[in-house]
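A.B. asks: Protein sequences appear in the order of chains A and B.
For the first sequence, the residue numbers in this note's numbering are 728 to 1015.
For the second sequence, the residue numbers in this note's numbering are 22 to 294.
Don't take each hint at face value.
[What the hints assert, rightly or not] Incomplete in silico selection of chain B near chain A, CB under 8 Å: (1) E161; (2) G162; (3) S245; (4) R246; (5) T253; (6) V254; (7) T260; (8) L271.
[Claimed, not checked] Below 30 Å or equal to it, Euclidean Cα-Cα: the simulated DSSO-like pairs (lysine-lysine) are: (9) K220/B <-> K171/B; (10) K119/B <-> K150/B; (11) K118/B <-> K802/A; (12) K118/B <-> K150/B; (13) K794/A <-> K804/A; (14) K171/B <-> K802/A; (15) K898/A <-> K861/A; (16) K119/B <-> K991/A; (17) K804/A <-> K789/A; (18) K804/A <-> K898/A; (19) K171/B <-> K737/A; (20) K150/B <-> K789/A; (21) K150/B <-> K171/B; (22) K794/A <-> K861/A; (23) K861/A <-> K802/A; (24) K150/B <-> K804/A; (25) K794/A <-> K150/B; (26) K804/A <-> K118/B; (27) K861/A <-> K150/B.
If you're looking for bench data, these hints aren't it; they were derived computationally from the structure.
Every residue gets a Cβ at the ideal spot worked out from N, C-alpha and C, and that includes glycine.
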Amino acid sequence: MMVGLSVGEKHFIQGGIAQDLRTDGRRRLTYRPFNVETGVIPQANGSARVRLGGTDVIASVKAELGKPSPSQPDKGKVNIYVDCSPTAAPMFEGRGGEELSTELSGALQHCLLGGKSGAGAGIDLSSLVVVEGKVCWDLYIDGLVVSSDGNLLDALGAAIKAALTNTGIPKVEVAVGASGDGLPEVDISDDEYLQFDTSGVPVIVTLTKVGRHYIVDATLEEESQMSSAVSVSVSGQGRICGLIKRGGAGLDPSVILDMISVAKHVSEQLMNKLDSEISAAEACEEES
Amino acid sequence: MLHCRAKQRASTVAGSRVTMAGKSAATPSTYSPSPAPKTKRPIFQDVDWVRPDGRGFHQCRPAFLKTGAVNAASGSAYAEFGNTKVIVSVFGPRESKKAMAYSGTGRLNCNVSYTTFAMPIRGQGSDHKGYSSMLHKALEGAIIVESFPKTTVDVFALVLESGGSDLPVVISCASLALADAGIMMYDLVASVSVSCLGKNLVIDPILEEESYQDGSLLITCMPSRNEVTQLTVNGEWSTPRVHEAMQICLEACSKLAKIIRSCLKETASAPKD
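Can you make the complete structure from the sequences, with help from the hints?
C.D. replies: And the structure:
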């Protein structure tokens, strides 16, 4: 992976963060310039690629017809899975990247899927149902880490939001006069698509604590110096949709509450920037 | 407000039964499975809704903790919080696998598994595969890994019966088992979860309450140092609610840590037979 840091380099990183001037010239709460492309995978129902500095991730959404779970017959199902490709780091080959993949998948499911009753979910699951209790859409959201330079969770969250905006669910017609018990016949249209409403999808902001200060969008080197990190998922209305504390060190509760308010403040700017980037990408895709 | 009057009752079996409820709580009843699947009922909309087991909204279940449950392990503990029954054994510090690279500090390996009969539907416990890494994260901030370099400490948790709020019980029981094994720690780790049901915040939810929850907050902290080692929030929350939930949980954690401590003291002072 990356070459280890010397003691001098570690001091430089920590000192710079303390003085609000990071190694690449950014301030503590500034994101790296990011770039969004949608529709990069033609075979998927929706896809997007996000480049955040050196971090490069791709998210794809595939929709398949399936059966809703018995405990929630009026909702569709969403599965989120992240794969860390060996192109990002040689240690991800085989089962090496499994731990990181599980951590990222779990964190994304936490942030985007809300509570067990379905409240607070970023994606409206009841819009995915076709025939209540019998047929529903299963969304498989797959994230792929192509290149890793820190802050994977934020990049994946942004990529999933962009991919969902790009997703078209085919229109389904249920055959009239279907039998009561068996699966009704459904006809999947090839031409007409329904777009997702992604205004409710939250954006994820990770705050990394280095020394006594928090930074946003840490690079790989800065992440190696972190004591702990808090990832907050904030929706467009400013409500917290999920929160995960990562890292081993303990944090004072007042520090966590402070980090939450900083994350909410940062998320507004990020949300606006991301929305404008996504609409620019969609417009670009339509032209080509 | 949280009720907590620790009633120490001498018991014939080694261990201490300590109740956290003010009123005399019934001993955890034997689990009897309900044959027919329940239909979803919106009972939580009532303002004066009472919890199925009669607890207040901010009242935890009575806790039964016992150390020395497994003879073969370096340290072990058994915890029963209402219907949630968990057994944790700690093995180590023992030699790391030869395949592992040299490490100047100790290693922690955690594993949480469910028995096949733990959940109402057989085999449903495999949904909780993420719990092992969450247990690891909760404990790694509290253990002094420099005290056992080059070796590994294994923590194995087995959920015998799932009655709601499983992971917090596993974490608290694991810290008791680690203390029983003599692993050096900065402080005992206590964990509590809170469920958001409509407008209400309900602490230490049971399985039924968890299935209807709109959101949940799980906090693991070291009470004496006032440090949070793990915080996971699920569902939609506003910031004041998060404040409120964290306050409630931190109070409950400090009371739970006192109970764990008193259990350890009893074991230490009990005459060896």
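A.B. asks: Which earlier hints can't be squared with this structure?
C.D. replies: Numbers 3, 9, 11, 14, 16 and 26 - these are the hints that the structure violates, sorted from lowest upward.
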